[in-house]
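Student: Keeping their order, the protein sequence lines are chains A and B. In terms of UniProt numbering, the first sequence has 255 at position 255, counting the first letter as 1, and numbering is strictly consecutive. In terms of UniProt numbering, the second sequence has 295 at position 295, counting the first letter as 1, and numbering is strictly consecutive.
Possibly wrong hints are sitting among the right ones.
What the hints assert, rightly or not - Taking lysine to any residue and the SDA-like style, the derived pairs with C-alpha atoms no more than 20 Å apart in a straight line are:
1. A:234 with A:214
2. A:544 with B:161
3. A:304 with B:155
4. A:551 with B:72
5. A:159 with A:399
6. A:307 with B:155
7. A:307 with B:151
8. A:520 with B:270
9. A:551 with B:137
10. A:234 with A:308
11. A:537 with B:137
12. A:307 with B:247
13. A:520 with B:247
14. A:439 with A:411
15. A:520 with B:74
16. A:137 with B:51
17. B:46 with A:381
18. A:99 with B:135
19. A:242 with B:139
20. A:304 with B:51
21. A:537 with B:247
22. B:46 with A:109
23. A:309 with B:151
24. A:551 with A:527
25. A:551 with B:270
26. A:242 with B:137
27. A:537 with B:70
28. A:82 with A:92
29. A:99 with A:447
Claimed, not checked - Residues from chain B that face chain A, not an exhaustive set, calculated with beta carbons under 10 Å:
30. 138
31. 139
32. 159
33. 261
34. 262
35. 272
Think of the hints as simulated: they come from the structure by calculation, not from any bench. In this text, a Cβ means the ideal position worked out from N, Cα and C, and glycines have one as well.
One letter stands for each residue in the lines below.
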Amino acid sequence: MGKKGSIYISVFLILALLLTACSKNNEPANGGKNENNGTKTENAENPADDGKPATWIADRKIKGLVFMGTDDYTEDMNVEIKQKIKDMTGIELELEIMKADHSIDGLIAGIASGDLPDFITFYLNNSGRPEMSVILKAAREGMFTDLTPLIKETKVFSKYLQDDYLPLDTKYGVMFRPEFNGSSYFIHMNVNREGGATTRKYVGGPFIRKDIADTLKVDPRTIKTSEQLYELAKKIKDGGFKDTNGNAVYPIGPSYWGGKEVGALYPDLSWGASDQRIKPDKDGKWLHEAQTEFAMKRIEFVQKLLKEKLIHPEFFTIDESRATEAALNGTSAIIGDMHNYQEFNNDMHYLPIGPLDNADSPYQMQVDFKSGYSGWAIPSTTKNPEEIVKFADFLASREGKLLWQYGIEGRDYTLDEKGNPKVKQEVLDLKASDPNAAKKLGFAGVGNSFGELLGGTDIDRMADFGEMEFGESVHPEVLAGANGLIEYFDWDGKRKDAKINDGYPPLSFLGEFDRGTELKTALDNYNDSLTRAYYTKNLDEAKKVMDSALKQLQAAGLDDYMKLLEQKNADEKTRVKY
Amino acid sequence: MLTGKLWKRILLHRYLYLMLLPCLLFFIIFSYIPMGGLMLAFKDYKFNLGITGSPWIGFVYFERFFNDYQSMNLIKNTLIISGMKLFLYLPFPIILALMFNEIRGKFFRNVAQSISYLPHFLSWVVVVGLVQRVLAPDTGLLNETIANMGGDGSTYFLMEPDYFYQIMFGSHVWKSIGWDSIIYLAAISGINPDMYEAARMDGASKWREIWHITIPSIMPTILILFILSLGSILSAGFDQLYLLRTPGNMHLSDILDTYIIRVGLQGGQYGYATAVGLMQGLIGFILVVLANRLSRRISDTSVW
Numbered sequence: 001m002g003k004k005g006s007i008y009i010s011v012f013l014i015l016a017l018l019l020t021a022c023s024k025n026n027e028p029a030n031g032g033k034n035e036n037n038g039t040k041t042e043n044a045e046n047p048a049d050d051g052k053p054a055t056w057i058a059d060r061k062i063k064g065l066v067f068m069g070t071d072d073y074t075e076d077m078n079v080e081i082k083q084k085i086k087d088m089t090g091i092e093l094e095l096e097i098m099k100a101d102h103s104i105d106g107l108i109a110g111i112a113s114g115d116l117p118d119f120i121t122f123y124l125n126n127s128g129r130p131e132m133s134v135i136l137k138a139a140r141e142g143m144f145t146d147l148t149p150l151i152k153e154t155k156v157f158s159k160y161l162q163d164d165y166l167p168l169d170t171k172y173g174v175m176f177r178p179e180f181n182g183s184s185y186f187i188h189m190n191v192n193r194e195g196g197a198t199t200r201k202y203v204g205g206p207f208i209r210k211d212i213a214d215t216l217k218v219d220p221r222t223i224k225t226s227e228q229l230y231e232l233a234k235k236i237k238d239g240g241f242k243d244t245n246g247n248a249v250y251p252i253g254p255s256y257w258g259g260k261e262v263g264a265l266y267p268d269l270s271w272g273a274s275d276q277r278i279k280p281d282k283d284g285k286w287l288h289e290a291q292t293e294f295a296m297k298r299i300e301f302v303q304k305l306l307k308e309k310l311i312h313p314e315f316f317t318i319d320e321s322r323a324t325e326a327a328l329n330g331t332s333a334i335i336g337d338m339h340n341y342q343e344f345n346n347d348m349h350y351l352p353i354g355p356l357d358n359a360d361s362p363y364q365m366q367v368d369f370k371s372g373y374s375g376w377a378i379p380s381t382t383k384n385p386e387e388i389v390k391f392a393d394f395l396a397s398r399e400g401k402l403l404w405q406y407g408i409e410g411r412d413y414t415l416d417e418k419g420n421p422k423v424k425q426e427v428l429d430l431k432a433s434d435p436n437a438a439k440k441l442g443f444a445g446v447g448n449s450f451g452e453l454l455g456g457t458d459i460d461r462m463a464d465f466g467e468m469e470f471g472e473s474v475h476p477e478v479l480a481g482a483n484g485l486i487e488y489f490d491w492d493g494k495r496k497d498a499k500i501n502d503g504y505p506p507l508s509f510l511g512e513f514d515r516g517t518e519l520k521t522a523l524d525n526y527n528d529s530l531t532r533a534y535y536t537k538n539l540d541e542a543k544k545v546m547d548s549a550l551k552q553l554q555a556a557g558l559d560d561y562m563k564l565l566e567q568k569n570a571d572e573k574t575r576v577k578y
Numbered sequence: 001m002l003t004g005k006l007w008k009r010i011l012l013h014r015y016l017y018l019m020l021l022p023c024l025l026f027f028i029i030f031s032y033i034p035m036g037g038l039m040l041a042f043k044d045y046k047f048n049l050g051i052t053g054s055p056w057i058g059f060v061y062f063e064r065f066f067n068d069y070q071s072m073n074l075i076k077n078t079l080i081i082s083g084m085k086l087f088l089y090l091p092f093p094i095i096l097a098l099m100f101n102e103i104r105g106k107f108f109r110n111v112a113q114s115i116s117y118l119p120h121f122l123s124w125v126v127v128v129g130l131v132q133r134v135l136a137p138d139t140g141l142l143n144e145t146i147a148n149m150g151g152d153g154s155t156y157f158l159m160e161p162d163y164f165y166q167i168m169f170g171s172h173v174w175k176s177i178g179w180d181s182i183i184y185l186a187a188i189s190g191i192n193p194d195m196y197e198a199a200r201m202d203g204a205s206k207w208r209e210i211w212h213i214t215i216p217s218i219m220p221t222i223l224i225l226f227i228l229s230l231g232s233i234l235s236a237g238f239d240q241l242y243l244l245r246t247p248g249n250m251h252l253s254d255i256l257d258t259y260i261i262r263v264g265l266q267g268g269q270y271g272y273a274t275a276v277g278l279m280q281g282l283i284g285f286i287l288v289v290l291a292n293r294l295s296r297r298i299s300d301t302s303v304w
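If we strip away everything but chain A, and leave its shape as in the complex, we get (with noise of 0.2 Å):
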């Protein structure tokens, strides 16, 4: 053999061990058996008759789309997780989130392109939501796959099948659409196990800064009215308040979360949920606000408020980071809207207002008997859907949810001896010293939600875990003023009272109403029109304004849709709620 055929030899022996090498390495470890920290999981003690545990769904690469903000999810998965579920279930997920300015914009395009990978998920919190026209469409085109037969064979899904399940709205509006004859094109996610259960003790609304509320003598739960609202603000304009920057405090100074209308600031002054503005008289009249006294009488309210500079003058517009600041800073006395969970707030120096009565009862908390949050589909061009069915349901049962929620038992947490999680005190630690960093663990309760895409639903936290909230068993003290403001509020003496909801909103039928596209362009411009009727000279040019936007309204067959909302009340199927 000659020097060359050596070095081809060589080479090729070479080649052949590396491949052989890699081939091993691509393995999953122990033949899909997972032993990793001596994890409990199913699959480790039931182990199928081929070997694989009995999670395995099959040796395939999944790749989803995700048509929602970057805020909540992200691409980037831990190498570990991503192992983890590729032990037990044989699927590598993939993920990609389309980046548009509206989450809707990005759906349009994707679908429209043509090229989706195996599912793609978006927002959908109602059937009324924009999404909803375009999904639709999508199905009614043949887009995507049937789900119905798929889900019967399900641990998690198949419970959407069963009568009382599902509420009203994701049952007929959104899933199992009359039209649809029993098939169904999309998931809709985030259904609670039991009807009426709350996932999250939110109080909200406008908050007011302790010391001031002390040094005026006020306990801000006896603001019960917009009027006492104004009164509260001339005395906080009056005692010469400042910031932590030695500023003038605004007395109402906007949300947290940036310029918007804020109804919890006069629900005495408003009519219907504040993104819908719609409800029935005592008649049982269906209106819309722009069809009752109460815009002109915010108008009036409001324009006081900015007259006697007791708001805020960018209340309704002024963007996000300045608003967030003017809350870190106090420079807003009351802030405008927030809730109990923000960070910045644990030492509770910021204390609920009211909540404030409506015009016409007393305040009610109103909880929804279930709701829902986000969809996913499947694109009909996915091969073997099946399997994509079963990998989320594998992602929301309660060993799903604990490693998409919790992560890598030994690594982020351990097991009592009811099985439930305990989060480590590490985990926390740096969750809150470098929350990045903490995300990268890759888990929901670090900030990284990817599991909740095809696996958040069938909600029931404490059943499952033992706490309502990531590390909340162990290490009470994370949320201590959260869980001090909820019993400020007396928050579950006011949920015992709760009026339990379970219908669509009234903007749900804004897709099959014949005008839908004109209406809701109308609706905007009336949202539009009520802020700059704030900011005119006077009332007269206030109503103008207004006069002028409820004639577009009704040019858009407002008067119509009244009555298409009469009609769906009527039905048992479809009740509107307000």
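Given the coordinates of chain A, assemble chain B onto it according to the supplied hints.
Tutor: Just chain B now, kept in the frame of chain A:
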């Protein structure tokens, strides 16, 4: 044979044609092929059938647009804003170019030019962010100055329709004037210096030089740029207006471009958005052709 001659010429100058090729490809791929998508304006777009497979529906979208109560207001706003940007703005970069031309100190001229170009490189998001901060009620620079001088200092300029045109036009001039003056400056530098020398010998003042030599010499450039810009008369600058829009000024700031984005794209109505876009393009095209003819007849200057 003409074709034979043409091929011979192409072969002879093959390297020049080769250099032209990327440019031609660019326009074919990014400008001409996408024009096929214009058929969407006449189709009921279906996700599963694609652009070519979707059924034809004629002029439905055009009818819908003109039946919309907003259409006349949108066209009016678009014409006012683009009219201001075309006609009112036209002298500004020319005057700046003339001023730069008269600066004798080279260093100072370079510095002044660089400063005036810089805003061009900022995106509208940044510029409108600056505008919002400067004009913010109470805390903005302008309002603080007004307050320090004894005024009210709480005017919310961006919410008041009375100030909308000034803010829109002012920010447009600030952002564009430096960059747009470059081409006029280049045209000015191409003027034969002998003409100025002759004028000076005849006793012409600086003003006379500008009026009788500089402006006539750059007039063809002014006309060509003006004709070309007529093509975008129905596009009044989407990003600036989308960002400056507030509920207070929306009845003045809603233009066709913002409408296309809001109703067409955000609402998923591609066909409708394409129809309105096509209308903008066609009207622009007709105006360019007409203005070009007029210019050729009056001044012998034309784009083609």
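Student: For every hint, state whether the structure bears it out.
Tutor: For each hint, the structure was consulted:
1. For the hint linking residue 234 of chain A to residue 214 of chain A, the alpha-carbon distance of about 16 Å falls within 20 Å, and the restraint holds.
2. In summary, the hint linking residue 544 of chain A to residue 161 of chain B is supported, as the alpha carbons are separated by about 15 Å, within the 20 Å threshold.
3. For the hint pairing residue 304 of chain A with residue 155 of chain B, the CA-to-CA distance comes to about 16 Å; that is within 20 Å, so the pair holds.
4. At roughly 16 Å between alpha-carbon atoms, residue 551 of chain A and residue 72 of chain B fall within 20 Å of each other, so this suggested pair holds.
5. For the hint linking residue 159 of chain A to residue 399 of chain A, the alpha-carbon distance of about 17 Å falls within 20 Å, and the restraint holds.
6. Of the pairs offered as hints, the one joining residue 307 of chain A and residue 155 of chain B holds, with about 11 Å between alpha carbons and a cut-off of 20 Å not exceeded.
7. Between residue 307 of chain A and residue 151 of chain B, the direct Cα distance comes to roughly 16 Å. Compliance with the 20 Å bound is thereby established for this hinted pair.
8. Pair hint residue 520 of chain A plus residue 270 of chain B holds up; C-alpha atoms about 17 Å apart against a cutoff of 20 Å.
9. A hinted pair counts as satisfied when its Cα atoms are at most 20 Å apart, and residue 551 of chain A with residue 137 of chain B does not qualify at roughly 32 Å.
10. A hinted pair counts as satisfied when its Cα atoms are at most 20 Å apart, and residue 234 of chain A with residue 308 of chain A qualifies at roughly 9 Å.
11. Taking the CA atoms of residue 537 of chain A and residue 137 of chain B, the gap is about 16 Å. The hint holds against a cut of 20 Å.
12. Between residue 307 of chain A and residue 247 of chain B, the direct Cα distance comes to roughly 18 Å. Compliance with the 20 Å bound is thereby established for this hinted pair.
13. Between the alpha carbons of residue 520 of chain A and residue 247 of chain B the distance comes to roughly 17 Å, so the proposed pair stays at or under 20 Å and holds.
14. Between residue 439 of chain A and residue 411 of chain A the CA atoms are separated by roughly 14 Å; this keeps the pair inside 20 Å, and the hint holds.
15. The hinted pair formed by residue 520 of chain A and residue 74 of chain B meets the criterion: a straight-line CA distance of about 18 Å does not exceed 20 Å.
16. At most 20 Å may separate the alpha-carbon atoms for a hinted pair to count; residue 137 of chain A and residue 51 of chain B meet this at roughly 15 Å.
17. Taking the CA atoms of residue 46 of chain B and residue 381 of chain A, the gap is near 16 Å; set against the 20 Å cutoff, the hint holds.
18. In summary, the hint linking residue 99 of chain A to residue 135 of chain B is not supported, as the alpha carbons are separated by about 31 Å, beyond the 20 Å threshold.
19. Among the hinted pairs, residue 242 of chain A with residue 139 of chain B is consistent with the structure: their alpha-carbon atoms are about 15 Å apart, no more than 20 Å.
20. Between residue 304 of chain A and residue 51 of chain B, the direct Cα distance comes to roughly 54 Å. Violation of the 20 Å bound is thereby established for this hinted pair.
21. The straight-line distance between the Cα atoms of residue 537 of chain A and residue 247 of chain B is roughly 14 Å, inside the 20 Å bound, and the hint therefore holds.
22. Proposed proximity of residue 46 of chain B and residue 109 of chain A is supported: the alpha carbons are some 13 Å apart, at most 20 Å.
23. Distance check on the hinted pair: residue 309 of chain A and residue 151 of chain B sit about 15 Å apart at the alpha-carbon level, within 20 Å; holds.
24. The hinted pair formed by residue 551 of chain A and residue 527 of chain A meets the criterion: a straight-line CA distance of about 14 Å does not exceed 20 Å.
25. Between residue 551 of chain A and residue 270 of chain B the alpha-carbon distance is near 28 Å, which puts this suggested pair outside the 20 Å criterion.
26. With a CA separation close to 19 Å, the supplied pair residue 242 of chain A and residue 137 of chain B stays within the 20 Å bound.
27. Under the criterion of a C-alpha separation no larger than 20 Å, the hint pairing residue 537 of chain A with residue 70 of chain B is inconsistent with the structure, at around 25 Å.
28. Annotation: proposed proximity of residue 82 of chain A to residue 92 of chain A holds, straight-line Cα distance about 7 Å (limit 20 Å).
29. Taken as a hint, the residue 99 of chain A and residue 447 of chain A pair is honoured in the structure, with Cα atoms around 19 Å apart against an allowance of 20 Å.
30. Evaluation of the residue 138 of chain B hint against chain A yields a held restraint, the C-beta minimum of about 6 Å falling below 10 Å.
31. A least Cβ separation of about 9 Å between residue 139 of chain B and chain A falls short of the 10 Å threshold, and the interface hint therefore holds.
32. Hint status for residue 159 of chain B relative to chain A: holds, with the closest Cβ pair at about 5 Å, below 10 Å.
33. Given hint, residue 261 of chain B at the interface with chain A, holds; its Cβ is 9 Å from that chain's nearest Cβ, closer than 10 Å.
34. Residue-level restraint check for residue 262 of chain B holds (minimum Cβ-Cβ distance to chain A is 8 Å; threshold 10 Å).
35. Taking 10 Å as the C-beta contact cut-off toward chain A, the hint placing residue 272 of chain B at the interface holds, the least distance being around 9 Å.
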